[in-house]
Each structure stands twice: as structure tokens, then as C-alpha cells.
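Residue numbers for the sequence shown follow our numbering, so the first one is 2 and each next one is one higher.
By construction, these hints were calculated from the structure, which means they are not laboratory data.
Since we're looking at a predicted model, the values are computed, not measured.
No residue lacks a Cβ here, since even glycine has one placed at the ideal position from N, Cα and C.
You may find that some hints are simply not true.
Claimed, not checked - Computed Cβ-Cβ distance ranges for the label pairs, DEER-style:
#: 1; residue 1: Glu7; residue 2: Pro278; range: 36 to 42 Å
#: 2; residue 1: His236; residue 2: Gly132; range: 44 to 50 Å
#: 3; residue 1: Leu119; residue 2: Pro262; range: 43 to 49 Å
#: 4; residue 1: Leu100; residue 2: Gly311; range: 46 to 52 Å
#: 5; residue 1: Arg45; residue 2: Gly93; range: 23 to 29 Å
#: 6; residue 1: Gln99; residue 2: Arg319; range: 48 to 54 Å
#: 7; residue 1: Gly311; residue 2: Arg62; range: 42 to 48 Å
Claimed, not checked - Distance condition first, Cα-Cα at most 25 Å in a straight line; then the derived SDA-like pairs of lysine to any residue:
#: 8; residue 1: Lys103; residue 2: Arg122
#: 9; residue 1: Lys272; residue 2: Thr310
#: 10; residue 1: Lys272; residue 2: Arg122
#: 11; residue 1: Lys103; residue 2: Arg261
#: 12; residue 1: Lys28; residue 2: Leu138
#: 13; residue 1: Lys272; residue 2: Ala254
#: 14; residue 1: Lys28; residue 2: Asp117
#: 15; residue 1: Lys95; residue 2: Arg45
#: 16; residue 1: Lys95; residue 2: Arg134
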Amino acid sequence: MTVSLEQLRRCHVAVDLGASRTRVYVKGPGLVVDEPSVAAVNIRTGSLIAVGALAEQMTGRTPHYIRVVRPVSGGTVVDIEMAQRMLRHLLGEKLRRQLRRKPWLRAAACIPHESDPLARRAAVETLVGLGARRVELVDTLIAAAVGCGLPVEQPTATMIMVCGAATTQIAVLSLGSIVTAVRLPIGGDAIDHAVIQHLRQYHELMLPSQSVRPLQLALNGNGLTAQGPSVTEIHGRDVATGLARSVEVDTAAIRQAIHRPLTAVLDGLGKVLRDCPPDLVADLADCGIMMVGGSALLPGLEQMLRDATGMPVHIAERPDACSILGLGAMLDGEISPMVLDPLAG
């Protein structure tokens with residue numbers, strides 16, 4: 002782990018700044034913020050108009066002087082000032098006053114695996130600007146494994162796949178540490194882009210960006226299964242005329258478009274297993290792979306991994322919030338490390 006559990010128990014607040022959603026956990030109240038990582042800014046005055054879900058609804062619907070921005074990309078803060086302003090408004094005045102009363106405010110934050118020094122510094126500066134005197138950084142893989150209930154502190158192998166909006170992280174854990182891991186630039190956004198490109202190329206249909214994820218989930222329920230219909234009606238805008246149009250789409254073709262960018266995920270999964278010691282791979286044959294993250298519910302992904310590896314694949318109970326819940330469990334002292342006493346002699 003990046004820091005000790007003793008240091009994390011001294012923290013008062015935990016933050017998970019994701020590319021799609023921002024979550025804040027406060028010791029005591031629990032999860033207090035779970036909103037999209039989006040802000041709407043008036044570029045004429047520089048004032049913040051909306052944050053969170055309201056700002057996300059404005060995407061693609063604003064006049065020219067209002068810009069919708071995402072200060073976090075790929076799990077990394079790319080605009081520190083905007084991230085701080087967004088967090089202040091998401092926390093609210095009442096909660097900010099409670100945190101300001103703590104004379105030595107400590108904060109914990111999730112960071113993607115193998116983050117470069119600039120990304121780590123950006124996460125620290127974002128929370129320092131909100132009043133934190135000290136910031137502890139925890140690997141997202143460790144936090145997510147704790148949040149979904151995996152026995153990470155035991156000398157047995159556990160495999161976790163964090164499916165985010167911009168990246169996919171795969172790791173094998175044992176004794177509270179990462180044995181081998183890989184981070185891939187493929188996530189839910191890449192899947193959305195593949196669906197949009199398929200409909201544009203083969204059906205000359207432009208799909209609103211906000212309707213891509215609901216479309217995938219709807220297809221998962223009735224189209225991308227053996228029992229579902231082979232054809233689905235999709236509404237969008239004609240590329241040539243700009244008029245509204247509906248088309249009948251073959252769900253098998255949509256499934257193929259979704260699976261195409263996921264081949265890189267299968268390659269990364271194979272690399273992790275090849276780099277893993279044989280004894281740990283034997284453990285994984287029994288416990289399988291745990292999938293967490295907002296993109297873990299993508300249609301066909303679970304079955305695709307099961308067919309490619311032959312191992313059991315599980316989806317966490319709350320896949321989207323596992324990282325922040327794991328950080329919260331560490332803050333509350335619910336995790337006890339395995340004590341290894343040095344042998345005498």
C-alpha cells in the first residue's frame with residue numbers, strides 16, 4: 002500500500018476524483034457526495050454556473066458563452082483550479098464549515114496505478130487548496146479491492162479489474178500489496194465512441210452523446226443476450242439531412258462494435274496472468290476475477306472475460322462506488338493488516 006493503515010485512520014475525509022464521477026467520504030456521515038465530474042462555466046465572466054448532474058445535463062445544449070468542462074481525465078486532475086471549485090460547490094457550505102473546524106485536516110485520495118509524479122502532485126494540490134494540511138495517496142486497486150470485500154490482507158491471490166471511464170486497471174493482490182498489475186487506456190468512453198462510430202459509419206446516424214450509455218444498458222437487457230431480439234430500433238439524427246430518424250440496428254453488429262476495443266483488455270489480462278507466480282494463478286482458478294467500476298456493467302464484458310479465461314467472473318455489489326467505500330473502511334479502521342512478527346534467532 003502507498004501509506005500505512007495507521008496514517009489513513011487519522012484522515013478525516015476521503016476523495017475519489019474519477020473521470021466520470023466524483024465521490025467524497027467523510028468520517029462519520031459516510032458517503033456525502035456522488036456526482037458527475039462536470040462543471041459548467043460562463044467564459045465571459047469566469048463564474049461557475051453549475052456542477053455535477055446539472056452541468057452534465059447541459060452537455061451539448063449550451064450557448065456559445067457557456068462551456069462544459071471535465072477537470073479530471075483518466076483519473077488524473079488536468080485542471081487543478083477548476084477541480085477545487087467543483088469540489089467546493091459539491092461539498093456545500095455546511096459541510097465545508099464542518100471540515101474547517103478541524104485544525105489539522107487530513108485527507109486521503111485514490112490515484113490510478115503507476116500514476117506519474119505530476120498526476121500525484123495534482124491530486125495533492127487539489128486537496129491542499131481545499132484546506133487539507135496533509136494528503137495520503139492510496140492506489141485505486143487496493144481501495145477498490147477493500148471496498149468490494151476481497152481478503153487483500155491474506156496470503157492468497159485475489160484478482161481485481163477496475164473498469165473506469167477512461168482506463169482499465171487489472172491487478173493480482175496478495176498480503177495487502179500488488180503482485181503484478183497493468184493499466185490500459187481503454188474504458189467506458191472508448192466503448193461509447195465505438196458505438197457512435199458504428200452507427201455513423203453503417204447507418205449514417207448521429208447519436209446524442211448522453212444517450213449512448215442508456216442505449217448499451219437497454220441492449221444488455223433485451224438485445225445482447227441469446228434470448229433477446231436480434232433487431233433494435235434506435236433514434237438519432239441523420240448525418241446528411243440533420244433530421245430526426247429511426248433505424249433498425251442488428252444487435253449482433255452492435256455487440257461486435259463493443260467487443261472490438263475490448264481486445265486490448267483481454268491482452269492486458271493475459272499479461273497479468275503470465276507475470277503472476279504459478280501458486281497465485283492456482284488460487285485464481287478458484288476465486289476468479291472481481292470486476293468493479295462504473296464500466297463493469299457494460300453489456301457482454303462479463304461473459305467475454307469468462308469465455309477468454311475460463312475462470313469465474315464476479316461483479317461487485319456496488320461496482321461504481323467500491324473505491325471510495327474501500328477508502329472509507331480504511332478511514333474508519335475496519336481493516337486490520339496481517340501482522341507478521343519477525344522470527345527470533
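How the hints compare with the structure:
About 29 Å separates the C-beta atoms of Glu7 and Pro278, a value inconsistent with the hinted range of 36 to 42 Å. Range check, His236 to Gly132: Cβ separation about 47 Å, and the 44 to 50 Å hint holds. For Leu119 paired with Pro262, a C-beta distance near 27 Å fails the hint of 43 to 49 Å. Between Leu100 and Gly311 the beta carbon distance is about 48 Å. The supplied range of 46 to 52 Å therefore holds.
For the pair Arg45 and Gly93, the beta carbons lie near 26 Å from each other, so the given range of 23 to 29 Å is met. Evaluation of the 48 to 54 Å hint for Gln99 and Arg319 yields a failure: the beta carbon distance comes to about 25 Å. In this structure the supplied range 42 to 48 Å holds for Gly311 paired with Arg62, their Cβ-Cβ distance being about 46 Å. As the CA atoms of Lys103 and Arg122 are separated by approximately 23 Å, the hinted pair is consistent with the 25 Å bound.
A threshold of 25 Å between alpha carbons decides the hint, and for Lys272 with Thr310 the separation of about 12 Å falls inside it, so the pair holds. Of the supplied pair hints, the one linking Lys272 and Arg122 is violated, its CA atoms being roughly 29 Å apart against a limit of 25 Å. As the CA atoms of Lys103 and Arg261 are separated by approximately 50 Å, the hinted pair breaks the 25 Å bound. A hinted pair counts as satisfied when its Cα atoms are at most 25 Å apart, and Lys28 with Leu138 qualifies at roughly 17 Å.
With a CA separation close to 28 Å, the supplied pair Lys272 and Ala254 exceeds the 25 Å bound. The hinted pair formed by Lys28 and Asp117 fails the criterion: a straight-line CA distance of about 29 Å is larger than 25 Å. For a cut-off of 25 Å, the pair hint linking Lys95 to Arg45 is broken: about 29 Å separates their Cα positions. Restraint check: the Cα-Cα separation between Lys95 and Arg134 comes to about 20 Å, which is no more than 25 Å; the hinted pair holds.
In terms of the numbered hints stated before, the structure departs from hints 1, 3, 6, 10, 11, 13, 14 and 15, listed from lowest to highest.
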